[in-house]
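J.: Sequence:
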Amino acid sequence: MRARVLVSVAVAATIALGATGCEFVSPVGTAEIQQVTDGVNGRTGSIDIRNALLISDDGEQARFIGTLVNSSDSDDATLSIEVGGDTQTVDVPANSRVDLAAPSAASTPTPTRGAETNGDRTQGTTPAAGDDVVFEQADVTPGSLVKVYFSYSGSEGVSLNVPVLTTSQEEYTTLAPTPAASETPSGETTTGEATGEATGDATDTPINP
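Numbering (the numbering used here), first residue to last: 59 to 267.
A portion of the hints provided could be inaccurate.
What follows is a set of in silico ranges between Cβ atoms, one per label pair, in the way DEER data are often shown [as the list claims (entries may be wrong)]: (1) THR236 <-> ASP133: 27 to 35 Å; (2) ASP144 <-> GLY212: 37 to 45 Å; (3) ASP131 <-> THR232: 33 to 41 Å; (4) THR184 <-> SER226: 33 to 41 Å; (5) ARG101 <-> ASP144: 17 to 25 Å; (6) ASP133 <-> SER202: 32 to 40 Å; (7) THR232 <-> GLN195: 35 to 43 Å; (8) GLY212 <-> GLN146: 18 to 26 Å; (9) ASP134 <-> TYR207: 19 to 27 Å; (10) THR136 <-> THR184: 14 to 22 Å; (11) GLY142 <-> ASP190: 14 to 22 Å; (12) SER132 <-> GLN195: 20 to 28 Å; (13) GLY201 <-> SER130: 30 to 38 Å; (14) ASP116 <-> ASP96: 13 to 21 Å.
Derived from the structure by calculation, the hints contain no laboratory data.
Here the structure is a predicted model, which means the values were calculated and not measured.
In this text, a Cβ means the ideal position worked out from N, Cα and C, and glycines have one as well.
Using the sequences and the accompanying hints, generate a full structural model.
T.: Printed below as a string of structure tokens:
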């Protein structure tokens, strides 16, 4: 009888030890960093690329959306963003961030999701203004991933697989790419919309919402 009790105690101890060991070596889920944004993150030199994605409805034009953070205290950077054979540049001043979903970030800072904010500063950087980044000949497929190359002078570039989303999603309805402004022969600037001086045979040009 005593031997049977000792065996039972030994088996129970073994099970408890095994369970404890499994719990000890298993990763804790809450300790793992999860990305909760639609875009992707990356880094080249002192530039952090956060929540990068492209907005395109027709696959020809695409607008780059994301936040660029320059962690350098003294060196400004001109970041090149390349999609296919089309390259655009963005100036990112030292110790600043440029939110390309909100070009007026310098006056009304818009923190990215998950960022720590303190007044007008986000993770140690101040907001800087940025223009829309639109690729006129992106040649991408909505709903797919496309390679986008980021680089600037003095750093090793990085290539990211960036998702291509459309304005059918509610949060991106106002972020459709718009045609670049061009000058007419008279010197006036137009964005491809009708001027209102139609001669009768002109038709409206559809524009993405």
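J.: Against each hint, give a clear statement of whether it holds in the structure.
T.: These are the hints, each one checked on the structure:
Taking the beta carbon of each, THR236 and ASP133 are about 32 Å apart, inside 27 to 35 Å as hinted. Look at ASP144 against GLY212: about 23 Å separates their beta carbons, and that is not inside 37 to 45 Å. Distance hint for ASP131 and THR232: a CB-CB separation of about 34 Å, consistent with the stated range 33 to 41 Å. With their beta carbons about 34 Å apart, THR184 and SER226 fall inside the hinted range of 33 to 41 Å.
Between ARG101 and ASP144 the beta carbon distance is about 23 Å. The supplied range of 17 to 25 Å therefore holds. In this structure the hint that ASP133 and SER202 lie 32 to 40 Å apart at CB holds, the actual value being about 35 Å. The beta-carbon spacing between THR232 and GLN195, approximately 23 Å, falls outside the hinted interval of 35 to 43 Å. Judged by the Cβ atoms, the range 18 to 26 Å given for GLY212 and GLN146 holds: they are separated by roughly 19 Å.
For ASP134 paired with TYR207, a C-beta distance near 20 Å keeps the hint of 19 to 27 Å intact. The hint said 14 to 22 Å for the Cβ distance between THR136 and THR184, and at roughly 18 Å that hint holds. Look at GLY142 against ASP190: about 18 Å separates their beta carbons, and that is inside 14 to 22 Å. Checked against the hint of 20 to 28 Å, the pair SER132 and GLN195 fails, with Cβ atoms roughly 36 Å apart.
About 36 Å separates the C-beta atoms of GLY201 and SER130, a value consistent with the hinted range of 30 to 38 Å. A beta carbon spacing of about 20 Å between ASP116 and ASP96 agrees with the range 13 to 21 Å that was offered as a hint.
Violation of the numbered hints given earlier is confined to hints 2, 7, 12; the remaining hints are satisfied by the structure.
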